[in-house]
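Protein chains: 2
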Amino acid sequence: MSGNEKNTEKLILDAARNIFIEKGFDGARMQEIADTAGINKALLHYYYRSKDQLFEAVFRESFNTFSPRIFEIMSSPIELSQKIRLFIDSYIDIILENPHIPAFVLHELNRNPGRIKDLMPFTGQTAGGLLSALSQEIKSAGYVEISAQQLMINMIGLCIFPFIGRPIIQPILFGNDDNRFDEFIQSRKTEVTKFILNALTKK
Amino acid sequence: MSGNEKNTEKLILDAARNIFIEKGFDGARMQEIADTAGINKALLHYYYRSKDQLFEAVFRESFNTFSPRIFEIMSSPIELSQKIRLFIDSYIDIILENPHIPAFVLHELNRNPGRIKDLMPFTGQTAGGLLSALSQEIKSAGYVEISAQQLMINMIGLCIFPFIGRPIIQPILFGNDDNRFDEFIQSRKTEVTKFILNALTKK
DNA sequence: GTCTATATTGTGATAGAC
DNA sequence: GTCTATCACAATATAGAC
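If you read the protein sequences in the order shown, they are chains A and S.
The first sequence begins at 1 in my numbering and counts up by one.
The second sequence begins at 204 in my numbering and counts up by one.
Just to be clear, a hint being listed does not mean it is correct.
[What the hints assert, rightly or not] Chain S is faced by these chain A residues, among others (derived, beta-carbon under 7 angstroms):
{"id": "1", "residue": "L109"}
{"id": "2", "residue": "N110"}
{"id": "3", "residue": "G157"}
{"id": "4", "residue": "E191"}
{"id": "5", "residue": "N198"}
These are computed hints drawn from the structure, not numbers from a lab.
Even glycine gets a Cβ: it sits at the ideal position worked out from N, Cα and C.
Whenever a hint applies, use it, and build me the whole structure from the sequences.
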């Protein structure tokens, strides 16, 4: 344990995060991670025995960027319409800070669906309770009939999709203009919130 | 050109499609494609000079599974509410027939965003006209104020997300039970259509 | 802890016989 | 058109000096 250990480990993790998230596990190269971190391959293997272990660290971290906050907000004791506003707002904020993580996590889970089981002990238990609670809140609020599952998927999908789909959305809908896409994203918080709340309101 | 050429080419393309869509470009191996096709690597390179060219064929095909149909439906001269119903219905049908293509195409476009330009000559031109037409239809129908872009993204996102997110959605929301997820997807057509039409209706 | 050098295996691609 | 054999290089991982 020399004085540089913590620092080097952070350099490695930062580099690994960038490379893995950009290229995925299969596209990432240990050499490139080492170069980005400003060290050599051997030192990578000194800190993390294998590419798999290094990836595992990055993937876990990425996964946890999103899930805890979701559960936290959805289980807070506030009125449903406010909860939805807060959820959309916070969720899009988190994505804006980590715009490439959703595509990364979803791709890696599709590549290896079994991986989710390692991350579930927390996630799985909490979900059941949250959903039945949400289901009650929907009824109490006098909203239209919709299952808690459908509503959750709608909310998350509406927030995430523009980012996952950016490489196809931007060129087709906004041309090469980054600014027009950014404006689109900026207005998304308001637009998605309006859209969802209106969809839930009886006529 | 022997009698088997067409047949072999189809074997190769079928195998390549399966492997590339399952594992992505970086995860796919020419050896595995050859094995799946029941031939050897050399023959792969005889039909497609390189892995890139073989991938290109598969990717183009996958991309075109979705985009033409979208434009076709959205430019058909029917009433907007019917158009939306038809769109959701057809779009989810297409995904059900090719459930892994959306994740595949979006991942490969994120891995190499420049690639979209090769596929745009058709796509790009048509989009502009469709969007301004859609914008008019939204106003004429007396719906809430929403841009054509926001509406399109909402419709596509609500259809696609459950499939891209399946590896995380199913375990968390429905446990290991495939049937409960299938039921969920089955009801999605109706649910998404209701959700969107209600969101568009003034109160 | 960090480096250089190297072992070992994997992988895309081609040569050449049939 | 199809095969076997092989090349050339890329990539993960380790050995061993400092």
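Tested hints:
For L109 of chain A, the interface hint holds, since its Cβ comes within 7 angstroms of a Cβ in chain S; the closest pair sits about 4 angstroms apart. The beta carbon of N110 of chain A comes within 5 angstroms of a beta carbon in chain S, closer than 7 angstroms, and the hint placing it at the interface holds. Given the 7 angstroms rule on beta carbons, the hint for G157 of chain A holds: about 3 angstroms separates it from the nearest Cβ of chain S. Satisfaction of the interface hint for E191 of chain A is found here, the shortest Cβ-Cβ separation to chain S being roughly 5 angstroms, below the 7 angstroms cut-off.
Proximity of N198 of chain A to chain S holds as hinted, the smallest CB-CB distance being about 5 angstroms (cut-off 7 angstroms).
In this structure, every one of the numbered hints holds.
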